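Protein chains: 2
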Amino acid sequence: MLTVLARSRFAEEQILPLASARSAGSQLPYRDQSLAVSLLEPDAFSDVQLALFSAGGSISKTFGPQAVEQGAIVIDNSSAFRMDPDVPLIVPEINASAITQHQGIIANPNCSTIIMVLALAPLRAFGLKEVVVSTYQAVSGAGQKAIEELRNQQVDPNLAAGPSFPYRIADNVLPFVDCFVDGGHTREELKMILETRKILELPELLVRCTCVRVPVERAHSEAISVTVERPITVEQARSLFAETPGLVLEDDPTSHRYPMPLSASGRDAVGVGRVRQPEQRSDQLDFWLSGDQLLKGAALNAVQIAERLHP
Amino acid sequence: MLTVLARSRFAEEQILPLASARSAGSQLPYRDQSLAVSLLEPDAFSDVQLALFSAGGSISKTFGPQAVEQGAIVIDNSSAFRMDPDVPLIVPEINASAITQHQGIIANPNCSTIIMVLALAPLRAFGLKEVVVSTYQAVSGAGQKAIEELRNQQVDPNLAAGPSFPYRIADNVLPFVDCFVDGGHTREELKMILETRKILELPELLVRCTCVRVPVERAHSEAISVTVERPITVEQARSLFAETPGLVLEDDPTSHRYPMPLSASGRDAVGVGRVRQPEQRSDQLDFWLSGDQLLKGAALNAVQIAERLHP
Numbered sequence: 000m001l002t003v004l005a006r007s008r009f010a011e012e013q014i015l016p017l018a019s020a021r022s023a024g025s026q027l028p029y030r031d032q033s034l035a036v037s038l039l040e041p042d043a044f045s046d047v048q049l050a051l052f053s054a055g056g057s058i059s060k061t062f063g064p065q066a067v068e069q070g071a072i073v074i075d076n077s078s079a080f081r082m083d084p085d086v087p088l089i090v091p092e093i094n095a096s097a098i099t100q101h102q103g104i105i106a107n108p109n110c111s112t113i114i115m116v117l118a119l120a121p122l123r124a125f126g127l128k129e130v131v132v133s134t135y136q137a138v139s140g141a142g143q144k145a146i147e148e149l150r151n152q153q154v155d156p157n158l159a160a161g162p163s164f165p166y167r168i169a170d171n172v173l174p175f176v177d178c179f180v181d182g183g184h185t186r187e188e189l190k191m192i193l194e195t196r197k198i199l200e201l202p203e204l205l206v207r208c209t210c211v212r213v214p215v216e217r218a219h220s221e222a223i224s225v226t227v228e229r230p231i232t233v234e235q236a237r238s239l240f241a242e243t244p245g246l247v248l249e250d251d252p253t254s255h256r257y258p259m260p261l262s263a264s265g266r267d268a269v270g271v272g273r274v275r276q277p278e279q280r281s282d283q284l285d286f287w288l289s290g291d292q293l294l295k296g297a298a299l300n301a302v303q304i305a306e307r308l309h310p
Numbered sequence: 000m001l002t003v004l005a006r007s008r009f010a011e012e013q014i015l016p017l018a019s020a021r022s023a024g025s026q027l028p029y030r031d032q033s034l035a036v037s038l039l040e041p042d043a044f045s046d047v048q049l050a051l052f053s054a055g056g057s058i059s060k061t062f063g064p065q066a067v068e069q070g071a072i073v074i075d076n077s078s079a080f081r082m083d084p085d086v087p088l089i090v091p092e093i094n095a096s097a098i099t100q101h102q103g104i105i106a107n108p109n110c111s112t113i114i115m116v117l118a119l120a121p122l123r124a125f126g127l128k129e130v131v132v133s134t135y136q137a138v139s140g141a142g143q144k145a146i147e148e149l150r151n152q153q154v155d156p157n158l159a160a161g162p163s164f165p166y167r168i169a170d171n172v173l174p175f176v177d178c179f180v181d182g183g184h185t186r187e188e189l190k191m192i193l194e195t196r197k198i199l200e201l202p203e204l205l206v207r208c209t210c211v212r213v214p215v216e217r218a219h220s221e222a223i224s225v226t227v228e229r230p231i232t233v234e235q236a237r238s239l240f241a242e243t244p245g246l247v248l249e250d251d252p253t254s255h256r257y258p259m260p261l262s263a264s265g266r267d268a269v270g271v272g273r274v275r276q277p278e279q280r281s282d283q284l285d286f287w288l289s290g291d292q293l294l295k296g297a298a299l300n301a302v303q304i305a306e307r308l309h310p
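So the protein sequences, as listed, match chains A and B.
Using numbering that gives the first Met the number 0, you'd call the opening residue of the first sequence number 0 and step up by one each time.
Using numbering that gives the first Met the number 0, you'd call the opening residue of the second sequence number 0 and step up by one each time.
Read the hints as simulated data drawn from the structure, not as lab findings.
Check before you lean on any hint, since a few could be wrong.
As the list claims (entries may be wrong) - Counterexamples of contact, computed for chain B against chain A with all Cβ distances above 10 Å:
no., residue
1, Glu12
2, Gly56
3, Glu306
Unchecked claim - Okay, the calculated bits of chain A under chain B, using three or more residues with CB under 8 Å as the criterion:
no., stretch
4, 129-143
5, 265-278
Claimed, not checked - So the derived label-pair ranges between C-beta atoms look like this:
no., chain 1, residue 1, chain 2, residue 2, range
6, B, Pro156, A, Leu49, 31 to 39 Å
7, A, Ala159, B, Pro156, 21 to 29 Å
8, B, Ala160, A, Pro230, 35 to 43 Å
9, B, Val154, A, Leu49, 38 to 46 Å
10, A, Gln143, B, Ser37, 55 to 63 Å
11, A, Gln102, B, Asp267, 55 to 63 Å
12, A, Gly265, B, Asp42, 55 to 63 Å
13, B, Pro156, A, Arg256, 17 to 25 Å
14, A, Gly265, B, Ala160, 12 to 20 Å
15, B, Arg256, A, Glu278, 35 to 43 Å
16, A, Leu49, B, Ala160, 37 to 45 Å
17, B, Pro165, A, Leu204, 31 to 39 Å
18, B, Leu38, A, Leu158, 39 to 47 Å
19, B, Arg256, A, Gln143, 22 to 30 Å
A quick note: this is a predicted structure, and the numbers were derived from the prediction, not measured.
Using N, Cα and C, we set each Cβ at its ideal position, and we do this for glycine too.
When you get a sec, could you build the whole thing from the sequences and use the hints?
And the structure:
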């Protein structure tokens, strides 16, 4: 978040890092300065104009409304408020105009959802009917400790699992992200289904989703198959993707150009490629995405929302 | 292949390993013996009843028909004859009866296809209409050298890619298996589409497929979404899967029981789980598979075909 702020239009503003007692008092590097971390307290927001929350749902639920009461606008990275009808859920390239409806809190969507909707949004022009998505999600989505877990397991095949994942993640894939909920879905899958409908303003959109953790450090990938109402060609889809802000078209199989975590990591733009169509089906389109879930999937999107608030 | 033969009903038969001049003369361990590798020559099959080919399409095309002329029945692991209308394409649990139509050559299907059709076959009872599949394919599908490549990259983040994959595969996923063909699909994807139709005897079945290589040593996984003509429940699907030979139902999210490469590696049965349904869609079903592509996806299926030939 600080790295993204440092290259945003807020770079020169005063930044106040807040954290629990465990981290309060420590220093964080920011540009050529060092920022002192203050304690997250109920009255910590009295001088704050804009508060970026990224410490989990329960912290957001407790301190978010307090920050609003003290006059701050909250941009929340947790899932606490995303499906609240009074809270705009924003991907600026898609629904920036909905920001103005905020009542103090604006929600930043789920990382896999942001990456996907960037490519789905332009397809609404063809009458988006059904989406089937399988994800290939990096371990860093489970936190810094998960990266160390993967690294340690990669060099030691006998290392036991844990604590970030229930099984070894090196040399394995897990059809499980977040936690299981009723009906057999994971919460991550429900987020992708419900948040996509809200962001795209398509409450009836059929979204089928399988969320999978893969032994990759950074950047999520997604295999997406859509069905639309009106005929579309591969060339039309490629042109649409190429001109969509936030996306970069990487689609030249003959020279092995396609999106992958290796090239998406550390990059703002989400890569889209492998655009193709089942034979004789002009109502269907298949493609592949890779995007840095820590940048566009999280911190970058949050800061972009802030930039739209204060243009 | 030898490991599977050693536990088959052919264990006590005479085994004659054939290879190119590079390997001829070497010894291969087999049970408590050592087998001398002979040179693969045009007249090498004169005393052979059953020939298992697993050396690539061009070797099969050259030597397969010669073996048949000399009186052998050929079970071919390559893709050379799979779509030939005169060649049965067999997964014994599904279409063993088609074996009898052979004219000397029987084809063993693509590894990802075998794993998938085991679960699709019982769903034909509900009128299988459409299949969307995303694969998570292990590097051993690209050969022994690919495993070493992954291992070396895992311990050295600066190691350059190659020769098995065009980019690093450690910490990466590649939406690319085999090679690209016209229309933007990979050949692996076309195999899954066309072979599935032939094995299931559903020539019109719509199959949409994205084949992806992941940094896993062994066992392929697949996220599958199907649409059927007649209503199905999750419980019906679970019961069907549980009683299907070749499958094992691993579906208990609350105790973190689901298929994954870690548990599927080295096991004959293909694991199926994460069975679920979009809300209010009794014509749709989503599930997840993991299966050892070197066993059921290749050697085991070939030897099972042989066992059906000589019951």
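Taking the hints in turn, this is what the structure says about them:
| no. | hint | in the structure |
| --- | --- | --- |
| 1 | Glu12 | 35 Å, holds |
| 2 | Gly56 | 21 Å, holds |
| 3 | Glu306 | 31 Å, holds |
| 4 | 129-143 | holds (count 3) |
| 5 | 265-278 | holds (count 7) |
| 6 | B:Pro156 x A:Leu49: 31 to 39 Å | 37 Å, holds |
| 7 | A:Ala159 x B:Pro156: 21 to 29 Å | 23 Å, holds |
| 8 | B:Ala160 x A:Pro230: 35 to 43 Å | 39 Å, holds |
| 9 | B:Val154 x A:Leu49: 38 to 46 Å | 44 Å, holds |
| 10 | A:Gln143 x B:Ser37: 55 to 63 Å | 56 Å, holds |
| 11 | A:Gln102 x B:Asp267: 55 to 63 Å | 58 Å, holds |
| 12 | A:Gly265 x B:Asp42: 55 to 63 Å | 59 Å, holds |
| 13 | B:Pro156 x A:Arg256: 17 to 25 Å | 23 Å, holds |
| 14 | A:Gly265 x B:Ala160: 12 to 20 Å | 18 Å, holds |
| 15 | B:Arg256 x A:Glu278: 35 to 43 Å | 38 Å, holds |
| 16 | A:Leu49 x B:Ala160: 37 to 45 Å | 43 Å, holds |
| 17 | B:Pro165 x A:Leu204: 31 to 39 Å | 35 Å, holds |
| 18 | B:Leu38 x A:Leu158: 39 to 47 Å | 45 Å, holds |
| 19 | B:Arg256 x A:Gln143: 22 to 30 Å | 28 Å, holds |
In summary, this structure violates none of the numbered hints.
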